[in-house]
Amino acid sequence: MSDLTTPQGNPDGHGSAPAKLGYSPVADIPHKPRATDTDPKAARRAERQVASMFLLSMLFVVLFVVAYVAIDKTSVVYIPVMGEVGASNVALGFTMGMAILLIGTAAIQWAKKLMPDVEVVQQRHDMVSPKRATLEAEANYERGKEESGFVRFRLIRRTLIGAMVLFPIPLVVMLRDLWTPTEYTEGKSPADLLSTTLWTGGMRIVADGTYQGEHSETDSGGEITGEPVSPDDSLAHRPIRPEDLPVGGLIAAIPLDLPEVEHAEGNLNARGKAAIILVRMEPDEIRSQQGTGWDVEGILAYSKICTHVGCPIALYEQRTHHLLCPCHQSTFDLADSGNVVFGPAARRMPQLPIGVDEEGYLVALSDFEEPVGPSFWERG
Amino acid sequence: MTTTSPVEKVGGATATYVDQRVGSNKFLSRNLGKVFPDHWSFMLGEIALYSFIVVLLTGVFLTLWFKPSMAEVVYDGSYVPLKGVLMSEAYDSALNISFDVRGGLLLRQMHHWSALIFIAAMAVHMFRVFFTGAFRKPREFNWLIGVGLTTFGLLAGFSGYSLPDDLLSGTGLQIARGIVQAVPVVGTWAAFLLFDGEFPGTEFISRLYGVHILLIPGLILALVTIHLMLVWTQKHTQFPGPGRTNDNVVGYPLLPVYMAKAGGFFFIVFGIIALVGGLVTVNPIWIFGPYMPDQVSAGSQPDWYIGFLDGALRTMPNWESVIPGVGWTISWNILIPALVIPGIIFTLLGLYPFIEAWVTGDKREHNLLDRPRNAPTRTALGMMAISFYVLLWVGGANDIIAVAFDLSINSIIWFLRITLIVVPPLVFVVTRRTCLGLQRRDREKLLHGYESGRILRLPHGEFIEVHQPLSEKDIAVITAKHDYAPLPAPDKADVDGVRNKRYRAQMLRHQLSEFFYGVNVPKPSAAEIEAGQHHAAHDAAIEAPLHEYEDADQIHTFHGGVLHHPGMAETNAEQLQQEQRS
Ligand code: HEM
Ligand code: FES
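Here the protein sequences line up with chains Y and R, keeping their order.
Going by our numbering, the first residue of the first sequence is number 1, and it counts up by one from there.
Going by our numbering, the first residue of the second sequence is number 1001, and it counts up by one from there.
If you are wondering where the hints come from, they were derived from the structure by calculation, not from laboratory data.
Computed from a predicted model, the values in this text were never measured in an experiment.
Among these hints, one or two may not hold up.
[Claimed, not checked] One side of the interface only, derived from the structure: several residues of chain Y facing chain R at Cβ under 7 Å:
| # | residue |
| --- | --- |
| 1 | Lys73 |
| 2 | Val77 |
| 3 | Tyr78 |
| 4 | Pro80 |
| 5 | Gly83 |
| 6 | Phe94 |
| 7 | Met115 |
| 8 | Val121 |
| 9 | Gln122 |
| 10 | Leu178 |
| 11 | Pro190 |
| 12 | Lys304 |
Cβ atoms here follow ideal geometry from the backbone N, Cα and C, with glycine treated the same way.
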């Protein structure tokens, strides 16, 4: 019989001392004593191991404080594998991590080497309550029902239920003003707002500061290259002439008014709908577009907001004229009315009709003819 | 008390003081020696708990510096590349935490890493509970709570990484809004209410903030508390082994062993998160730049736990219907992957224990865990679900895979559309077969002992492979298997010719039960096992003097202990028959 009362005293794990309070040892599980059970020297060694881990932990706390004070927050170190990293972050994380980790390893070493490793048994009891308790509960319930008169007073019962159903209504009603229209949105329904953008006939098209012409070249493997993040200042926020855009190029663009409107409205909502891309192809490469003569010498303007769930689209493969959404890879053919060639988007990219004003700059001819961006119930 | 140091005296006095007011010693007397079974897989839930604590702790620190506001400011911190750039206060303060608060980046990264670990640990913990049948009576509530925790965990994570308002987090919000907008009838309005108008608006981050730091953590904390209280009162399940029965719990007492191990493990998890937070970059928001609704970073990837949703969105064919006349739009391409599929996944997950209990007619309490092989249909269903999930997840990384393996995205998507339908049933079949194969091997071992791999030449020239008797532990583990019989087919009418009104429901149940238990390798009888082990012992004895003759009595010792559990004698089929009769 194994016995957990005196594992150290009974190196073979067999003895007849009575079980300790609260649990009893498992019968018939042979127990192999550990070195620390039989050899006092091994036990001393284990004690020293545990204690030195606690000591080291304290040391790392000191090192943490030193690192916090001494290391400049902007200094950078080179660490193999990790490369250039912030010195402060690495030092603080390492010292704090070690200080905490060592407490854990010490405790576990202590438990494994020096605390009893004999499993013990406890009985379980079914979760169900004793019959007597259930009967008592039932009796109490019946008494309550009787004393309250819940059954007798029908009027009270019904009005109570009514009141309980109605009282949360104010809490729900108040949620209405989660959307408070501003002077710009006053009187417009969500569907109206989603169906219109800043574009109007004659609105000049200006570059969004992100010139993509040279970068949309395809690699030898025919894979798609991404939109460059750094703006090309030569075009930023300037109206665009057709000759600014070479064949095969792409410019991200916005309405001339946008910065002003954004400033007035104090948000980026208008940008989220009005952002477009301009692409240029040889006029005979255009197989179809959404309206006749909506291009200018092969320059087409399309919404930049994906019709799937609304990611801005950034990847254009000039060879195939495919526009690819980075979020779920919906692919649109800009040479063919922006129709969906592949992917989860159900609708074509809306096209913006464009022309040239008397000074020779690109302008919109009107707003989009269909809502841009993700679908919504009232969209139609 | 035997020893009394000054500290203990104070402690004792405090305990008495508290006890006189709340009666705490009653609780302590019952629970300080509470026994907890030990197994590595029981640490998974602990990892989830401890990483949640770290999330809470680091999150509270982050609130000290983070400003949940979308008001525009010009950046003027130490990160040079973004100096002078217009951005929201949220992004500005997150950069500030990363570059100008000493230890701030560490806190941000620890918060993010512990969130990732929290959700991963919950998922794997759930697998453990599922495949071992730990969700069975009386633990169904804890399973439901676990499903709730997983759901809230996903929401907590998503709401968290949407806060810093970098380009990646804003893109995630745009997608979330697109999904809300796709909901029939109320979607458009719901989106306008949530965002105070159009996207992105100026309110959403501060609204999300309350949800992220108070509402969801509060709900998670409440659920975790109930979860642990239930584990405490119901006592932990245990794997079969010598001396372990359905009616006892074998392990280590709370004080001191379990406390030292679990407490130590908390510090290990905490320490590792701090190390990883210091050494491994996660969510480098400064690289993504501030959010602009018309910009996106190529190869946007959500945190891992949202990947399956992204994959579902990517794989879905582009179906949309417009109801003619009224012009109402139903976006199946968004509704099905983003709401219907997750809805089905989580509903089935939540209902599973109840479905299984109904199908099997099993009403007993289960404190001994199943080995996955011994519940082949359950195990196969679980693997099938996991394979479905993993394929969706692969879909979420299709662009990365396309680049890495030089494949076209179209072919990956088509591959996934087909495999999502074909592979899960295949996985089901293969898993179930594997389980049955393992059961067969177990049966062999019980009948003949295990093959030692040693070939022996007998005096008369015959070669035999020596079979060794199984260890006590192996016998206990293998024989804990319970052979279920499928529920009998119901009668159309009883002996008196009265039509059975519940015939159809009972028939369905019978068929499902056949599906569950129709395949099984029955465990040999106690007598057969005894004979087999005896034989193996004899076999091994031939090898003498290489091997001592094993104590054949051992097996007898166990006969009373494990082979026969009082609670297990009655089969569920009998139970159900009784029920149907009454
Ligand atoms: C319940 C589990 C929680 C999860 C899964 C979670 C997850 C996350 C994640 C993934 C982030 C993004 C971090 C990043 O910038 O990379 C985040 C941000 C944040 N979380 Fe939590 N969080 C949780 C609870 C909390 C709590 C309880 C608080 C505070 C009381 C909190 C406060 C914050 C704050 C202030 C931020 C923004 C700071 C920043 O991004 O730099 N979180 N959370
Ligand atoms: S948002 Fe463009 S494909 Fe989903």
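Here is how each hint holds up against the structure:
| no. | hint | in the structure |
| --- | --- | --- |
| 1 | Lys73 | holds (5 Å) |
| 2 | Val77 | violated (12 Å) |
| 3 | Tyr78 | violated (14 Å) |
| 4 | Pro80 | violated (12 Å) |
| 5 | Gly83 | violated (10 Å) |
| 6 | Phe94 | holds (5 Å) |
| 7 | Met115 | holds (5 Å) |
| 8 | Val121 | holds (5 Å) |
| 9 | Gln122 | holds (4 Å) |
| 10 | Leu178 | holds (4 Å) |
| 11 | Pro190 | holds (5 Å) |
| 12 | Lys304 | holds (6 Å) |
Checked against the numbered hints above, the structure breaks hints 2, 3, 4 and 5 and satisfies the rest.
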